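Each protein sequence line maps, in turn, to chains A and B. Its first residue numbered 71, the first sequence is counted upward by one per residue in my numbering. Its first residue numbered 1207, the second sequence is counted upward by one per residue in my numbering.
Keep in mind that the hints were calculated from the coordinates and are not lab data. One or more hints might be untrue.
To be verified - To spell it out: a stretch of chain B is covered by chain A in this simulated footprint if at least three of its residues, at any positions, have a beta carbon under 8 Å from a beta carbon of chain A; those stretches are: (1) 1254-1263; (2) 1328-1341; (3) 1344-1353; (4) 1357-1368.
Claimed, not checked - Using 25 Å as the maximum straight-line C-alpha spacing, the simulated SDA-like pairs for lysine to any residue come out as follows: (5) B:Lys1363 with A:Ala267; (6) B:Lys1363 with A:Ile268; (7) B:Lys1371 with A:Ala267; (8) B:Lys1363 with A:Arg229; (9) B:Lys1363 with A:Trp283; (10) B:Lys1371 with A:Ala168; (11) B:Lys1342 with A:Trp283; (12) B:Lys1371 with A:Trp232; (13) B:Lys1342 with A:Ala168.
As the structure is a computational prediction, the values presented were derived from the model and not from experiment. Ideal Cβ placement from N, Cα and C applies to all residues, glycine included.
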Amino acid sequence: MMNEDFRIDGLVADLRPVRRLRPARGFALVTAATLGVVAVVAVAAGLRPDVAALAPDPLVVLRSAALVLLGVATLHAATAAARPSIGEHRHGWRWALAAIGLFPLTAAILTLAGAPTPHEMLSAPMIASCLVISLSSAAAILAVLLAWLRSGAVTDPHRAGWLSGLAAGGLGSFAYSLHCPSTSIEYFAVWYGLAIAISAGLGRLVAPPLLRW
Amino acid sequence: MMFGDRPLGELMARAQAGDAHAYRTLLEQSGRWLRRYFGGRIAPHLIDDLVQDTLASVHAKRATFDPARPYLPWLAAIARYRWVDQLRRGYRADETLLRDDLAADPIDAAETARISLDALLAYLPDRQVMVIRLVKIDGLSVAEASARTGQSEALVKVNVHRGLKRLAALVEKA
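So here's chain A without its partners, still in its complex pose (with noise of 0.2 Å):
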């Protein structure tokens, strides 16, 4: 017990005024990362045009929507997480994801209904511009994302990897899909799928390295 006291007469005399970690902030970080994302996708690669003209299609809409639906609830969690806490998860963020899901779904009904298949879905140069310009987009948000989340105190680096892979996925593919030429649901379904999924096991893989303390 001594040594106890003794230790907390260092750790008082180390007592400093903190600014406490608000996850408001890491969420408006992550909002200003996603906001220059979209303008370096717009510079670099350019919008679409329908978009360009605030006049855009019906599916884009739709898509860009579950999107941002899936990365600001996702985002609210992992920002959550940052703090700990017993019994408070969050759980919301599994609606948006089940919302996304409506699209593989719907592709896979007009698939066995004989739809022919969209002729961009076997395209290489659409599909590697795809994965590139979602993925590496997702990649410059969950590194701001992780960076923030590394000044807090996360107790489940797992969940929180998998949640910061998820937003990052969710925010970084909307970022492409205001320059995606397709409009097929069958084509989101697939390869945005597979951009999301690929940024969630990021996620996964590289935080709890990052988040231990």
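Please arrange chain B on chain A, whose structure you already have, making use of the hints.
Only chain B this time, still in chain A's reference frame:
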């Protein structure tokens, strides 16, 4: 609970602003709570170190406390994180120790960590415990564990995965 949670949260809020007196009171009360928390979870001679490690973490991460929320769940989450970390370190140390060292000191920290984990492993089916020990503790490959246990490689992977998931859930509840 020996003390109300709300005052502890207020003490931490004042400590975040630099109030040393409030901080000392908070650390002393937190130390007492941590002793009880770790009491049933780890060998008595390891409690001091773990309490001090946890108090150091409280100090380093005090900016993450939100005064709008209760203090004890925050402290408990940090305590659980440090406890699991201690068990993990115990296992790592165990892998690098000579067995003679363990024989010379029967209450070695690594051995105690093993005992703590053994208590958790007791909740798992034998087939999962067997492959977790072989693959995750003894460091055998999946193929070697498969040959040793007679389980297929796919089954070894499934049992390791399910067993670790169950272990994580047990630690979560602990």
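Of the numbered hints stated previously, which ones are contradicted by the structure, given in increasing order?
2, 3, 4, 9 and 13
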